[in-house]
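Colleague: Sequence:
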Amino acid sequence: MDTRNLLAFYTTANLGSISAAAKKLHVTQPAISKRIANLEVQLGCRLFDRIGRQLTLTQTGNLLLPKADTILRDVNSVVQLMNDVSGKVTGKLSIATSHHIGMHRLPPILKAFIRHYPLVEPDLHFMDSEQIYVEVSLGYHDFGLATLTETQATKLQTTPLWFDKLCLAVSINHPLALLECISLDDLSDTLAILPTCGTSPYLRVKETFEKNGSYLVKYKSVHNLDAIKMMISIGLGWGVLPQSLLDDDLIEIQVKNVELDRELGLIFHQQRSLSNAAQAFITMLEETKCLSQSIEGIVKA
Numbered sequence: 001m002d003t004r005n006l007l008a009f010y011t012t013a014n015l016g017s018i019s020a021a022a023k024k025l026h027v028t029q030p031a032i033s034k035r036i037a038n039l040e041v042q043l044g045c046r047l048f049d050r051i052g053r054q055l056t057l058t059q060t061g062n063l064l065l066p067k068a069d070t071i072l073r074d075v076n077s078v079v080q081l082m083n084d085v086s087g088k089v090t091g092k093l094s095i096a097t098s099h100h101i102g103m104h105r106l107p108p109i110l111k112a113f114i115r116h117y118p119l120v121e122p123d124l125h126f127m128d129s130e131q132i133y134v135e136v137s138l139g140y141h142d143f144g145l146a147t148l149t150e151t152q153a154t155k156l157q158t159t160p161l162w163f164d165k166l167c168l169a170v171s172i173n174h175p176l177a178l179l180e181c182i183s184l185d186d187l188s189d190t191l192a193i194l195p196t197c198g199t200s201p202y203l204r205v206k207e208t209f210e211k212n213g214s215y216l217v218k219y220k221s222v223h224n225l226d227a228i229k230m231m232i233s234i235g236l237g238w239g240v241l242p243q244s245l246l247d248d249d250l251i252e253i254q255v256k257n258v259e260l261d262r263e264l265g266l267i268f269h270q271q272r273s274l275s276n277a278a279q280a281f282i283t284m285l286e287e288t289k290c291l292s293q294s295i296e297g298i299v300k301a
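Using the working numbering, you'd call the opening residue of the sequence shown number 1 and step up by one each time.
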């Protein structure tokens, strides 16, 4: 069986269209159609029903899809194993990353990595930190980069890389910015713009309020920190942001008994063998951490 044909089927089934599969695999749409047709001839059955522009899997297609996933993973593992044995740093590198890390921490590291290892194909998957723990534990990615939290998954190992100072922030024109002394009750009466419910920053804020006998009365959940920053900067309310995201339009507000710092870092499965590409990337991450700590030490001195 030609794995290119199987990959064309698998990608089309997951993306829902031949055009999307062609774009993903960097081939033409006729090439995708031909590969699927060849696979259907080889298997002696139809895999898709084509009604107008709509593609839906047949019963046989639905049965084949999980098998195709297993076969393609096994083939990729064999190819990666051979590359690793030969000492080559090549192949696909699947990284699950939080949006904040992917947008504000990874770019310079990725740029340097691609320059040093041009044969590696980084494959970034953006998601909430909580989902990263789930997908890394299931073996979907080489490793994850997320907010570090206590986990019950004994097969996962974490390594801190960055200390991220979180702060309460408002627009410089917001009424709260004029107050010298701000309490949690003041915040409780004002709209809070927070990360999605269930995420680590949201839970930290909620626990802080409840621990001090106060509650989040008015709040809006927003998925992306950059979107939260925009909404705070135009004066819609107060929110929680990494201190590194503050600019001239925002001001940090000090509230007694509120500490919201967090650690960001590496998450990987202890029973998953790391490819040469994954090991090289992790080494670069750790070197970046050491350099950052050295610079901080010099600045403090």
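Each hint should be verified, as a subset may be incorrect.
Cβ-Cβ distance ranges computed for the label pairs, FRET-style [as the list claims (entries may be wrong)]: (1) 180 / 226: 25 to 31 Å; (2) 52 / 150: 48 to 54 Å; (3) 271 / 236: 43 to 49 Å; (4) 235 / 115: 40 to 46 Å; (5) 108 / 135: 21 to 27 Å; (6) 247 / 69: 43 to 49 Å; (7) 185 / 54: 54 to 60 Å.
Straight line, CA to CA, 20 Å or less: simulated SDA-like cross-link-like pairs of lysine to any residue [stated by the list, open to error]: (8) 206 / 157; (9) 155 / 130; (10) 111 / 287; (11) 256 / 202; (12) 88 / 122; (13) 206 / 183; (14) 23 / 123; (15) 23 / 72; (16) 289 / 155; (17) 211 / 227; (18) 289 / 137; (19) 24 / 41; (20) 220 / 272; (21) 211 / 190.
Keep in mind that the hints were calculated from the coordinates and are not lab data.
Where is the CB? At the ideal position from N, CA and C, for every residue including glycine.
Colleague: Run every hint past the structure and note whether it holds.
Modeller: Comparing the hints with the structure gives:
{"no.": "1", "hint": "180 / 226: 25 to 31 Å", "verdict": "holds, 30 Å"}
{"no.": "2", "hint": "52 / 150: 48 to 54 Å", "verdict": "holds, 51 Å"}
{"no.": "3", "hint": "271 / 236: 43 to 49 Å", "verdict": "holds, 46 Å"}
{"no.": "4", "hint": "235 / 115: 40 to 46 Å", "verdict": "holds, 42 Å"}
{"no.": "5", "hint": "108 / 135: 21 to 27 Å", "verdict": "holds, 25 Å"}
{"no.": "6", "hint": "247 / 69: 43 to 49 Å", "verdict": "holds, 44 Å"}
{"no.": "7", "hint": "185 / 54: 54 to 60 Å", "verdict": "holds, 55 Å"}
{"no.": "8", "hint": "206 / 157", "verdict": "violated, 27 Å"}
{"no.": "9", "hint": "155 / 130", "verdict": "holds, 16 Å"}
{"no.": "10", "hint": "111 / 287", "verdict": "holds, 15 Å"}
{"no.": "11", "hint": "256 / 202", "verdict": "holds, 18 Å"}
{"no.": "12", "hint": "88 / 122", "verdict": "holds, 15 Å"}
{"no.": "13", "hint": "206 / 183", "verdict": "holds, 15 Å"}
{"no.": "14", "hint": "23 / 123", "verdict": "holds, 15 Å"}
{"no.": "15", "hint": "23 / 72", "verdict": "holds, 19 Å"}
{"no.": "16", "hint": "289 / 155", "verdict": "violated, 24 Å"}
{"no.": "17", "hint": "211 / 227", "verdict": "violated, 28 Å"}
{"no.": "18", "hint": "289 / 137", "verdict": "violated, 24 Å"}
{"no.": "19", "hint": "24 / 41", "verdict": "violated, 24 Å"}
{"no.": "20", "hint": "220 / 272", "verdict": "violated, 39 Å"}
{"no.": "21", "hint": "211 / 190", "verdict": "holds, 19 Å"}
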